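Asker: Chain residues, written in single-letter form:
2 protein chains.
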Amino acid sequence: MLIKDEHFTTIWLDESNQVIKIIDQRFLPFRLVIETIHSSAEMCLAISEMHLRGAGLIGVAAAWGIYLACKESTDWDQLQLRAEELMNTRPTAINLQNAVDKMLDHLQRVDANHRLEESQRLAQMLSQQDIDACKSIGLHGAEILRTLSKKKNGQTINVLTHCNAGWLAFVDYGSALAPVYEFFNHGYPVHVYVDETRPRNQGARLTAWELAMQGVPHTLIVDNAGGHLMQKEMIDLVIVGADRVSRKGDVANKIGTYLKALAAFDNKIPFYVAFPSSTFDASISDGLSQIPIEARHADEVLYMQGIKEGEEFTFRIAPEATPALNFGFDVTPARLISGYITEFGAFDANQIDSDEWLAMFE
Amino acid sequence: MLIKDEHFTTIWLDESNQVIKIIDQRFLPFRLVIETIHSSAEMCLAISEMHLRGAGLIGVAAAWGIYLACKESTDWDQLQLRAEELMNTRPTAINLQNAVDKMLDHLQRVDANHRLEESQRLAQMLSQQDIDACKSIGLHGAEILRTLSKKKNGQTINVLTHCNAGWLAFVDYGSALAPVYEFFNHGYPVHVYVDETRPRNQGARLTAWELAMQGVPHTLIVDNAGGHLMQKEMIDLVIVGADRVSRKGDVANKIGTYLKALAAFDNKIPFYVAFPSSTFDASISDGLSQIPIEARHADEVLYMQGIKEGEEFTFRIAPEATPALNFGFDVTPARLISGYITEFGAFDANQIDSDEWLAMFE
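Protein chains in written order, with the working numbering: chain Z, 1 to 362; chain P, 363 to 724.
Note that these hints are calculated values from the structure, not bench results. Please read all numbers here as calculations on a predicted model, not as lab measurements. All C-beta atoms, glycine included, are put in the ideal place defined by N, C-alpha and C. Heads up, some of the hints might be wrong.
What the hints assert, rightly or not - DSS-like mimics (lysine-lysine), calculated; alpha carbons at most 27 Å apart, straight line:
no., chain 1, residue 1, chain 2, residue 2
1, P, Lys-670, P, Lys-497
2, P, Lys-464, P, Lys-433
3, P, Lys-513, P, Lys-630
4, P, Lys-514, P, Lys-594
5, P, Lys-514, Z, Lys-232
6, P, Lys-512, P, Lys-670
7, P, Lys-366, Z, Lys-248
8, Z, Lys-248, Z, Lys-102
9, Z, Lys-150, Z, Lys-248
10, P, Lys-630, Z, Lys-268
11, P, Lys-512, Z, Lys-248
12, P, Lys-383, P, Lys-514
13, P, Lys-514, Z, Lys-268
14, Z, Lys-248, Z, Lys-232
15, P, Lys-512, P, Lys-433
16, Z, Lys-21, Z, Lys-151
17, Z, Lys-308, P, Lys-670
18, P, Lys-512, Z, Lys-268
19, P, Lys-366, P, Lys-670
20, P, Lys-383, P, Lys-433
21, Z, Lys-232, P, Lys-670
22, Z, Lys-150, Z, Lys-268
23, P, Lys-513, P, Lys-433
24, Z, Lys-151, Z, Lys-232
As the list claims (entries may be wrong) - So these bits of chain P aren't anywhere near chain Z, every CB distance computed over 12 Å:
no., residue
25, Lys-383
26, His-413
27, Thr-451
28, Ile-617
Could you build all of it, start to finish, from the sequences and the hints given here?
Answerer: Now the structure itself:
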């Protein structure tokens, strides 16, 4: 997508130096910082410390981490250790595990001398698959927006989204925002209400920024406001991304998603989850009891980053003595979800857990 | 209540100088600032700019504003103008209107020469009524906590609260937190999960601070987290305050309350609203369509206050070009509320809108 009219992806191979380049998202929206990742250990840090984040992107980043590990050693046991480290950086998004599994599955059948070039080819392929899946999600999701647009006689469609499931959460295009971009680029009027998404403010910092860069009209709201906006008929549909989708359609996504799903259900507003098949976990049925939820450091709640006169600061926003608890995700049960948008098409809630649905992800 | 072991109320008459003193809550938790209010115009500013806030407190503050107006002029028309200005400072909490109405009702029957002393007496009385009502709410609410405590065999009761409905929102004791203080002071184990409450962070800044000052165990969470905590059975009950309660029990309260009520309902967790009768509006039946919701400045969303190395700063936390929308309240429909705690007792949802319920508030 575009940053000041220049095309970017969130991660890419610098072929001449055999290193990985990423947008270091910790500095957005205040500064565009490109970081060079030289080793699988650096990639582990970049994932766990959230230099990059987003289900699709951390999957592809882990694949590139395996490529870097192949550069570091031709020893299979070493590679497995590095893979283990990459897999343990973050627990909730299944994309990470899916990508590492795919890399290892293939590489174990490859001669040690060819592992580096094969790992490069495969990581490149997973990166391209992520891009293609997001493009397809955009096409299928835009269809839903066009149907709503017809119902509203072409009036502006108001979308609510939570966290960032735009292009910054993938290699390009995004999941939840891909339909918005597709719809907008065809000249339809659309406006996005952006949930701030405490504690890390991915909505305020990333979604607002990427929508502004593409010229999509949007308004920032606090996470508390979505329910009221739905009660007042200011939202036509909700689209969010996912970090893991269970076989029966339960969705782990950024903490607070469940609250918006409840409000959408209560107000009969369509609530869609957009995700590529790399986010699907066929091994899990009940999301609430089976998806591991990441607990992150309390400081993410107690401190905040901001800008004053061009300078960035981190400051404390709570009393000195106050402790905090910080879960990264929650699980929205399938019963609250209207439909799912994948690279294979859009699916109604009643199509979930069918043979057709499961076959699609094999 | 206590601030570093010294007893305070949030507002009081300085009798020797005939001025009003308030805790200027804009500086909490970083600094304790006492502001002197000399005129009804200064009181208007203190209310609208939220030097003080909270349904009960702004009612009493408006009563003291009328007292200051009586000092300024003995002219009845002038007094009515000042009353109008006080009433227009904030639209949602009915306490403001109720207090000003009571003051004017009484003062119009008083000789102009006696208005000042009568206004002082009446404002003092409304202040005392606020204190007494909150004390009673504490007693009635603690009964509910004791019942839960028995069910849990004396294990710690985990309360979730949103915004600040503690003593800082009233003259003393508070509404939602009064039962917690009463229960805690009798030696029962209790722990409060405090919703941060964006955009003004009254939870992180005021509730966490006042709980710490009384020694009540508490943990700060982001507004997004409550639903997940309920799903994981970490919350025994929710208690919130109110800015206006309709005759059929709909509740206007800080934006985001509705989302927590939905989550409590979905997880079968008791959801209580604590309020003194000064917050009741018998003239309104359907809260959602009839209670006016205050829209505040977008900067409250786009900027944030914090502390760094002992110094306070205001920072921008969103991209430069991003617009924001900022509603102060939402309405929770009565169907989601388990019960109400007033100075007259605790009431089940099915007792609402009965003759007995309405008679109580007359």
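Asker: Now look at each hint and say whether the structure bears it out.
Answerer: Tested hints:
Simply put, Lys-670(P) and Lys-497(P) have alpha-carbon atoms about 37 Å apart, too far for the 27 Å limit, and the pair is violated. In summary, the hint linking Lys-464(P) to Lys-433(P) is supported, as the alpha carbons are separated by about 18 Å, within the 27 Å threshold. Between the alpha carbons of Lys-513(P) and Lys-630(P) the distance comes to roughly 15 Å, so the proposed pair stays at or under 27 Å and holds. Taking the CA atoms of Lys-514(P) and Lys-594(P), the gap is near 16 Å; set against the 27 Å cutoff, the hint holds.
Between Lys-514(P) and Lys-232(Z), the direct Cα distance comes to roughly 40 Å. Violation of the 27 Å bound is thereby established for this hinted pair. Restraint check for Lys-512(P) and Lys-670(P): the C-alpha separation of about 44 Å exceeds 27 Å, so the hint is violated. Taking the CA atoms of Lys-366(P) and Lys-248(Z), the gap is about 53 Å. The hint is violated against a cut of 27 Å. Proximity of Lys-248(Z) to Lys-102(Z) is assessed by CA-CA distance (about 23 Å); at most 27 Å being required, the pair is judged to hold.
A C-alpha spacing of about 31 Å is found between Lys-150(Z) and Lys-248(Z), which places the hinted pair above 27 Å, so the restraint is violated. Simply put, Lys-630(P) and Lys-268(Z) have alpha-carbon atoms about 21 Å apart, close enough for the 27 Å limit, and the pair holds. For the hint linking Lys-512(P) to Lys-248(Z), the alpha-carbon distance of about 38 Å lies beyond 27 Å, and the restraint is violated. The suggested pairing of Lys-383(P) with Lys-514(P) is violated, with an alpha-carbon distance near 43 Å, which exceeds 27 Å.
Straight-line distance between C-alpha atoms of Lys-514(P) and Lys-268(Z) comes to about 37 Å, which puts the hinted pair past the 27 Å bound. The straight-line distance between the Cα atoms of Lys-248(Z) and Lys-232(Z) is roughly 32 Å, outside the 27 Å bound, and the hint therefore fails. The suggested pairing of Lys-512(P) with Lys-433(P) is violated, with an alpha-carbon distance near 53 Å, which exceeds 27 Å. A threshold of 27 Å between alpha carbons decides the hint, and for Lys-21(Z) with Lys-151(Z) the separation of about 44 Å lies outside it, so the pair is violated.
The straight-line distance between the Cα atoms of Lys-308(Z) and Lys-670(P) is roughly 13 Å, inside the 27 Å bound, and the hint therefore holds. With a CA separation close to 39 Å, the supplied pair Lys-512(P) and Lys-268(Z) exceeds the 27 Å bound. For the hint linking Lys-366(P) to Lys-670(P), the alpha-carbon distance of about 22 Å falls within 27 Å, and the restraint holds. With a CA separation close to 16 Å, the supplied pair Lys-383(P) and Lys-433(P) stays within the 27 Å bound.
Taking the CA atoms of Lys-232(Z) and Lys-670(P), the gap is about 39 Å. The hint is violated against a cut of 27 Å. Of the pairs offered as hints, the one joining Lys-150(Z) and Lys-268(Z) holds, with about 18 Å between alpha carbons and a cut-off of 27 Å not exceeded. Taken as a hint, the Lys-513(P) and Lys-433(P) pair is broken in the structure, with Cα atoms around 55 Å apart against an allowance of 27 Å. The hinted pair formed by Lys-151(Z) and Lys-232(Z) meets the criterion: a straight-line CA distance of about 18 Å does not exceed 27 Å.
Every CB of chain Z lies more than 12 Å from the CB of Lys-383(P), the least distance being 23 Å, so the non-interface label holds. Every C-beta of chain Z lies more than 12 Å from that of His-413(P), the closest at about 19 Å, which supports listing it as non-interface. No Cβ of chain Z comes within 12 Å of the Cβ of Thr-451(P); the nearest lies about 21 Å off, and the non-interface call holds. The claim that Ile-617(P) lies off the interface is violated: its Cβ sits roughly 4 Å from the closest Cβ of chain Z, which falls inside the 12 Å cut-off.
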